[in-house]
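*Asks:* Listed below are the residues making up each chain.
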Amino acid sequence: MFLAEVVGTVVSPVQIAALEGRTLLLVRPVAPDGRAAGKTRIAIDRAQAGVGDRVLVIDEGNSARQILGDKTAPIKTLVVGVVDYVEAGDALVYDHRVRS
Amino acid sequence: MFLAEVVGTVVSPVQIAALEGRTLLLVRPVAPDGRAAGKTRIAIDRAQAGVGDRVLVIDEGNSARQILGDKTAPIKTLVVGVVDYVEAGDALVYDHRVRS
Amino acid sequence: MFLAEVVGTVVSPVQIAALEGRTLLLVRPVAPDGRAAGKTRIAIDRAQAGVGDRVLVIDEGNSARQILGDKTAPIKTLVVGVVDYVEAGDALVYDHRVRS
Amino acid sequence: MFLAEVVGTVVSPVQIAALEGRTLLLVRPVAPDGRAAGKTRIAIDRAQAGVGDRVLVIDEGNSARQILGDKTAPIKTLVVGVVDYVEAGDALVYDHRVRS
Amino acid sequence: MFLAEVVGTVVSPVQIAALEGRTLLLVRPVAPDGRAAGKTRIAIDRAQAGVGDRVLVIDEGNSARQILGDKTAPIKTLVVGVVDYVEAGDALVYDHRVRS
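Top to bottom, those sequences are chains F, B, C, W and H.
Position in the first sequence counted from 1, then plus 4, gives you this note's numbering.
Position in the second sequence counted from 1, then plus 4, gives you this note's numbering.
Position in the third sequence counted from 1, then plus 4, gives you this note's numbering.
Position in the fourth sequence counted from 1, then plus 4, gives you this note's numbering.
Position in the fifth sequence counted from 1, then plus 4, gives you this note's numbering.
I should point out that these hints are in silico values taken from the structure, not numbers from a laboratory.
Keep in mind the model is a prediction, meaning the values are calculated, not measured.
Incorrect hints may appear among the rest.
Said to hold, decoys possible - Now the stretches of chain W that chain B is said to cover, found in silico as 3 or more residues with beta-carbon under 8 angstroms:
1) 5 to 15
2) 33 to 45
3) 85 to 93
As the list claims (entries may be wrong) - Okay, derived cross-link-like pairs now, DSS-like style, lysine-lysine, Cα gap no bigger than 30 angstroms in a straight line:
4) C:43 with F:43
5) B:43 with F:43
6) W:43 with F:43
7) C:43 with H:43
A virtual CB, placed ideally from N, CA and C, is assigned to each residue, including glycine.
Next up, chain F with everything else stripped away, as it sits in the complex (with noise of 0.2 angstroms):
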């Protein structure tokens, strides 16, 4: 798993039972204190989450066949849940609240 921000959506018309009707987020992976930390990846939302959401991403092994119920959907890149907050050390380095 790692920590992202929700930074846009794609839309494509993809023939693929699995992703039909399904959102595509670009997710940017972060560094705890929110420095983009890695390249942008699409991800399926399963947390009804938007632009500019700090969230955590789920991409192990066939992770998102189990949690979509789907043995066969070719998925493994979840956007799972927003987060609340981030410690880091005995600091606050990141707070949904105070965002919102």
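Chain F is already provided as a structure; the job is to place chains B, C, W and H on it using the hints.
*Replies:* Chains B, C, W and H only, in chain F's frame:
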């Protein structure tokens, strides 16, 4: 999944049943704004994509095996859609119709 | 597996059974001498590790599913041990007892 | 899959049945124009490739196990074809016949 | 698979059956000419390798599980051979006998 641009094609007499007759596309990952963002890889075309197209590439788990309907196909990187448009925040950063 | 340092924690209302009640640790990969060596990721704690600890992180195959005893857990990155010491050549480059 | 150039061979008395008698090729990923584009890895030769050849390397899922017809072979990086030519846009950026 | 040099060992009281009693080697990926080429990882020793040895590391699919004969071992990075020699083009760029 990731965004990419189709930058070329490769021709090689590969003798693997799952690859016979398939178009091998060179795809270069791009950031939402279109800048190159990663190393070029080779993907199987499943979206009638051509050189210059902005595309959605899937490379997850045993994705290609499932999409191609061939459980033993040793392939996971597929072009699954030509992108219509990409939004980053409130801005439309890519629009296929403008480009065409 | 890789060496890492625990640098923080993440709190997010993730609604996935396999993650409920689990501590989400921010782990930063480190070189043998302790310098940062890679992007921070999120791991499940299986070793009562805390911020500042040097730890052994496993991220291989469906590792976490096996260790957690849950075949369907979409998790593979786990902190499996707090490191006692690291030897590089003949030198002791990290010693947990000195640090404590 | 990715494009690579064969840059050498490795000899090691590995005692794993699936590797016995196999040629271990050092392959360096290259961009379409031939520049180095990634770290050298070791691949099993399945295409009678030699040093200097531009090749197609497969490293997807359990690819090698399937191609080698050995379900338990712990191998996934294989040279599966010597490249005939590469087109980038309208230009022929690599042509095996010219090189020979 | 990749070439690496053994640079150290890690000691940690990991409580996972598959890791008990195993030597955890710090291995640093190297280019054919011996220069460092990637981040240090931790591998299980299967070749009686020691610090300073040039080794062949396998990290493919569920490789380790298969080699260790333990289907549930959450391990995939193994040192499977000490390298005898490496040829790059016509040159012998590494020779274990000279080094010894």
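*Asks:* Quick one: which hint numbers does this structure break? Sort them smallest to largest.
*Replies:* none
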